[in-house]
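Trainee: Spelled out from the first residue to the last, the chains are:
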Amino acid sequence: MAQTVGFFTDTTLCIGCKACEVACKEWNQLPNNPLEFRDSYDNTGQLDHANWRHVRFVESAATNPDKPIAWSMMSDVCKHCANASCLEVCPTDAIIRTEFDTVYIQQDVCNGCRDCISACPYGVIGFNSTSGTAQKCTFCYDRLQNNLKPACATACPTQSIKFGPLDELRQTAATRLATLQAQGVSQARIYGDKEYGGLHAFFLITEKPEAYALPSTQSAVLPSRNNLPGYVTATITAILAGLAGLIAFRRRGESSSPSPAAGTGGSSPSPLVGEGRGGGS
Amino acid sequence: MGGLKLPNEHFVVPPHWEWYILGYFFFAGISGGSYVLGSMLRLWGDARDAAASRIAFLISFPTLLICPILLTLDLGQPLRFWHFLINDSSGGLAFKPWSPMSLGAWALLLFGIFSFVMFLSALSEGGIVHRRALATAASFVAGVVGGIFMVIGALFGLFIAAYTGVLLAVSNQPVWSDTWALGGLFLASALSGSAACVLLATRTRRDAIATDRKLIEADRYFILLELALIVLFLATLGGVLSKVLTGGWIILWVIVLAGTLIPLALHWRATRMRATVTAVGTAAADISLLAPVLVLLGVLALRAVVIFSAQA
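Listed in order, the protein sequences are those of chains A and B.
Residues 1 to 281 in the numbering used here are what the first sequence lists, from first letter to last.
Residues 1001 to 1312 in the numbering used here are what the second sequence lists, from first letter to last.
For the record, the hints were derived by calculation from the structure and aren't laboratory data.
Note that the Cβ used here is the ideal one computed from N, Cα and C, for glycine as well.
One or more of the hints may lead you astray.
To be verified - Within a straight-line C-alpha distance of at most 25 Å, the following computed SDA-like cross-link-like pairs (lysine to any residue) qualify:
hint, chain 1, residue 1, chain 2, residue 2
1, B, Lys1243, A, Glu210
2, B, Lys1096, A, Ile236
3, B, Lys1096, A, Asp108
4, A, Lys208, A, Thr172
5, A, Lys208, A, Gln159
6, B, Lys1096, A, Ala211
7, A, Lys194, A, Ile236
8, B, Lys1096, B, Phe1081
9, B, Lys1243, A, Ala213
10, B, Lys1096, A, Glu210
11, B, Lys1096, A, Gly197
12, A, Lys208, B, Pro1014
13, B, Lys1096, A, Gly126
14, B, Lys1096, A, Ala82
15, B, Lys1096, A, Pro165
16, B, Lys1243, A, Ser224
17, B, Lys1243, A, Ala82
18, B, Lys1243, A, Pro165
19, B, Lys1096, A, Thr98
20, A, Lys162, A, Ser186
21, A, Lys149, A, Arg225
22, B, Lys1243, A, Thr217
23, B, Lys1096, A, Glu88
24, A, Lys149, A, Glu210
25, B, Lys1243, A, Gly132
26, B, Lys1243, A, Ser216
27, B, Lys1096, A, Lys162
28, B, Lys1096, A, Asn227
29, B, Lys1243, A, Ala211
30, B, Lys1096, A, Ser216
31, B, Lys1096, A, Thr235
32, B, Lys1243, A, Gly126
Stated by the list, open to error - One-sided excerpt, in silico: chain A residues whose CB lies under 10 Å from chain B:
hint, residue
33, Trp71
34, Val89
35, Gly112
36, Leu180
37, Ala188
38, Leu243
If we strip away everything but chain A, and leave its shape as in the complex, we get (with noise of 0.2 Å):
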């Protein structure tokens, strides 16, 4: 049986040299991005189908009046939740979890209804025109199959990104924690250990989550938290609306047929049965 893994990614050391894409989009062939300038060192956007890492630079107003402008980078990734959005409402099986307990994407699978796409709350998944699918992160799941590091992490210089045992990573996690608060910066905090009953690539950072596009623990909720509300509201519906087909179809003792009604009692005969065209009014 194959070892829980995991990404923990200490935003602290990123410094935003964007290895880890090119990592990624070199050993998974993915396409390069269209040449696009933007209002920031971030050229690449977003998570999609053909970016499955992609640096944030989070810039926010700092307090020394010599730096105006302070970065926060971030190596931004699927997050392999323990509870995911997109493999709950994947109707085709396409997603799955693996031997590594990481989610997966079968391309095979896939029919590219776009639903999982709907249901990700960070974002992650993109719709390739190309093969009509689906696509996300693999984990590297080829190379974890061959026992090698996924390729960001073995890329990553400044050891930002760690690959290992979930377990091992929750911990080096919690001591890189301390050390930090210990050191000041009380802002910092791990993103991932409570959220979708914990992420599989989880981070260290120290803005609010939100400045990564991180939704907040409490927003953090499963697609399906709707399912029942969602049918509740249109069965008290449905009952309104037969109450009103009721009402307004009923016989009123106005009908001058002799044929009887049927269905109320289930055993009389259909009224429509027989009847021929025009033989209403």
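Got chain A; can you put chain B on it based on the hints?
Mentor: Same frame as chain A, but now just chain B:
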């Protein structure tokens, strides 16, 4: 930032469900709603409602046939449409009751059986086509088992008309996932649209005129239900309300309101005029074309504003 209401914090990307899905949601609503109306007319109506009931079933099946075509065209891999039903990896059934899309695919298939049988029965009863198989379907539907069959089909029809709203809600998209009212809203709107369809189809049929008054009354209730659910829908959106009530979406909301309030007023007027002027049971065939057409436009606009505004 941290003070945002819980469900309104979204970092998702849109699935780009657009025109095919709009068409699917519209026709699924009309198909399911028409079947339900046809069933209610059979269960609770009298012999004079037979023609309108038949027409409702004759609307249900052809509109249902459009649905899988639109759904399949929307897929990135249309030839893998059957993956909704069969698990390509295991060879077993792909059935996930907690996934509305999975449930919907199965419900669409099963509802097709009910809708088809009632369609055949309606063809036979109406004398439109004379075939032995059709007569068999008609006699089956006329019996007790057939009645139960029809009612089970009506439950599927209700599901088909409503689940599309739940499907949107079971996501993490802004607007869709912020409300629990969409399933009910789509159902009420579908029933109203179906009543409008049947009204349009019965305009030229003398044998169905007697039902027009009842359909108008039913549509009035459905519209009131829809309006209440629109209010609930907007009230539950919280911080993302502005997403559906800005810019070009206002035009669609105007169509939605025109498709509810004007028909409601016309229906009231038509009912009052008949009550005072026309003898009971001899309702004239002066059903305005305007009301049903506006209702159908409203049904389409409602789905359009919900689908597109959330993804903008």
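Trainee: Are the hints correct? Go through all of them and say.
Mentor: Taking the hints in turn, this is what the structure says about them:
1. About 19 Å separates the Cα atoms of Lys1243/B and Glu210/A, which keeps this hinted pair within 25 Å; it holds.
2. Pair hint Lys1096/B plus Ile236/A holds up; C-alpha atoms about 23 Å apart against a cutoff of 25 Å.
3. For the suggested pair Lys1096/B and Asp108/A, the alpha carbons sit about 19 Å apart, so the restraint of at most 25 Å is met.
4. Restraint check for Lys208/A and Thr172/A: satisfied, since their Cα atoms lie roughly 21 Å apart, inside the 25 Å limit.
5. At most 25 Å may separate the alpha-carbon atoms for a hinted pair to count; Lys208/A and Gln159/A meet this at roughly 22 Å.
6. Between Lys1096/B and Ala211/A the CA atoms are separated by roughly 35 Å; this puts the pair beyond 25 Å, and the hint is violated.
7. For the hint pairing Lys194/A with Ile236/A, the CA-to-CA distance comes to about 35 Å; that exceeds 25 Å, so the pair is violated.
8. Distance check on the hinted pair: Lys1096/B and Phe1081/B sit about 16 Å apart at the alpha-carbon level, within 25 Å; holds.
9. Our distance criterion of 25 Å between C-alpha atoms is met by Lys1243/B and Ala213/A, whose separation comes to about 19 Å.
10. Between Lys1096/B and Glu210/A the alpha-carbon distance is near 32 Å, which puts this suggested pair outside the 25 Å criterion.
11. Our distance criterion of 25 Å between C-alpha atoms is met by Lys1096/B and Gly197/A, whose separation comes to about 21 Å.
12. A hinted pair counts as satisfied when its Cα atoms are at most 25 Å apart, and Lys208/A with Pro1014/B qualifies at roughly 24 Å.
13. Of the supplied pair hints, the one linking Lys1096/B and Gly126/A holds, its CA atoms being roughly 23 Å apart against a limit of 25 Å.
14. A threshold of 25 Å between alpha carbons decides the hint, and for Lys1096/B with Ala82/A the separation of about 18 Å falls inside it, so the pair holds.
15. For the given pair, Lys1096/B sits about 31 Å from Pro165/A by alpha-carbon distance, which is inconsistent with the 25 Å threshold.
16. Restraint check for Lys1243/B and Ser224/A: the C-alpha separation of about 23 Å stays at or below 25 Å, so the hint holds.
17. Our distance criterion of 25 Å between C-alpha atoms is broken by Lys1243/B and Ala82/A, whose separation comes to about 31 Å.
18. The suggested pairing of Lys1243/B with Pro165/A is violated, with an alpha-carbon distance near 42 Å, which exceeds 25 Å.
19. Of the supplied pair hints, the one linking Lys1096/B and Thr98/A holds, its CA atoms being roughly 19 Å apart against a limit of 25 Å.
20. Our distance criterion of 25 Å between C-alpha atoms is met by Lys162/A and Ser186/A, whose separation comes to about 22 Å.
21. In summary, the hint linking Lys149/A to Arg225/A is not supported, as the alpha carbons are separated by about 35 Å, beyond the 25 Å threshold.
22. Straight-line distance between C-alpha atoms of Lys1243/B and Thr217/A comes to about 24 Å, which keeps the hinted pair within the 25 Å bound.
23. With a C-alpha separation of about 9 Å, the suggested pairing of Lys1096/B with Glu88/A holds against the 25 Å cut-off.
24. As the CA atoms of Lys149/A and Glu210/A are separated by approximately 29 Å, the hinted pair breaks the 25 Å bound.
25. For the hint pairing Lys1243/B with Gly132/A, the CA-to-CA distance comes to about 29 Å; that exceeds 25 Å, so the pair is violated.
26. Of the supplied pair hints, the one linking Lys1243/B and Ser216/A holds, its CA atoms being roughly 21 Å apart against a limit of 25 Å.
27. The straight-line distance between the Cα atoms of Lys1096/B and Lys162/A is roughly 35 Å, outside the 25 Å bound, and the hint therefore fails.
28. Between Lys1096/B and Asn227/A, the direct Cα distance comes to roughly 12 Å. Compliance with the 25 Å bound is thereby established for this hinted pair.
29. At roughly 21 Å between alpha-carbon atoms, Lys1243/B and Ala211/A fall within 25 Å of each other, so this suggested pair holds.
30. This hinted pair does not check out: Lys1096/B and Ser216/A have alpha carbons roughly 28 Å apart, beyond 25 Å.
31. Of the pairs offered as hints, the one joining Lys1096/B and Thr235/A holds, with about 20 Å between alpha carbons and a cut-off of 25 Å not exceeded.
32. With a CA separation close to 23 Å, the supplied pair Lys1243/B and Gly126/A stays within the 25 Å bound.
33. Using the Cβ-Cβ criterion of 10 Å, the hint placing Trp71/A at the interface with chain B is not satisfied: the shortest such distance is roughly 19 Å.
34. The interface hint given for Val89/A holds, since its Cβ lies 5 Å from the closest Cβ of chain B, which is under the 10 Å cut-off.
35. Evaluation of the Gly112/A hint against chain B yields a held restraint, the C-beta minimum of about 2 Å falling below 10 Å.
36. The beta carbon of Leu180/A is not positioned within 10 Å of any beta carbon in chain B (closest approach about 21 Å), and the interface hint is therefore violated.
37. Residue-level restraint check for Ala188/A is violated (minimum Cβ-Cβ distance to chain B is 17 Å; threshold 10 Å).
38. Here the hint on Leu243/A is kept, as its CB sits about 8 Å from the closest CB of chain B, short of 10 Å.
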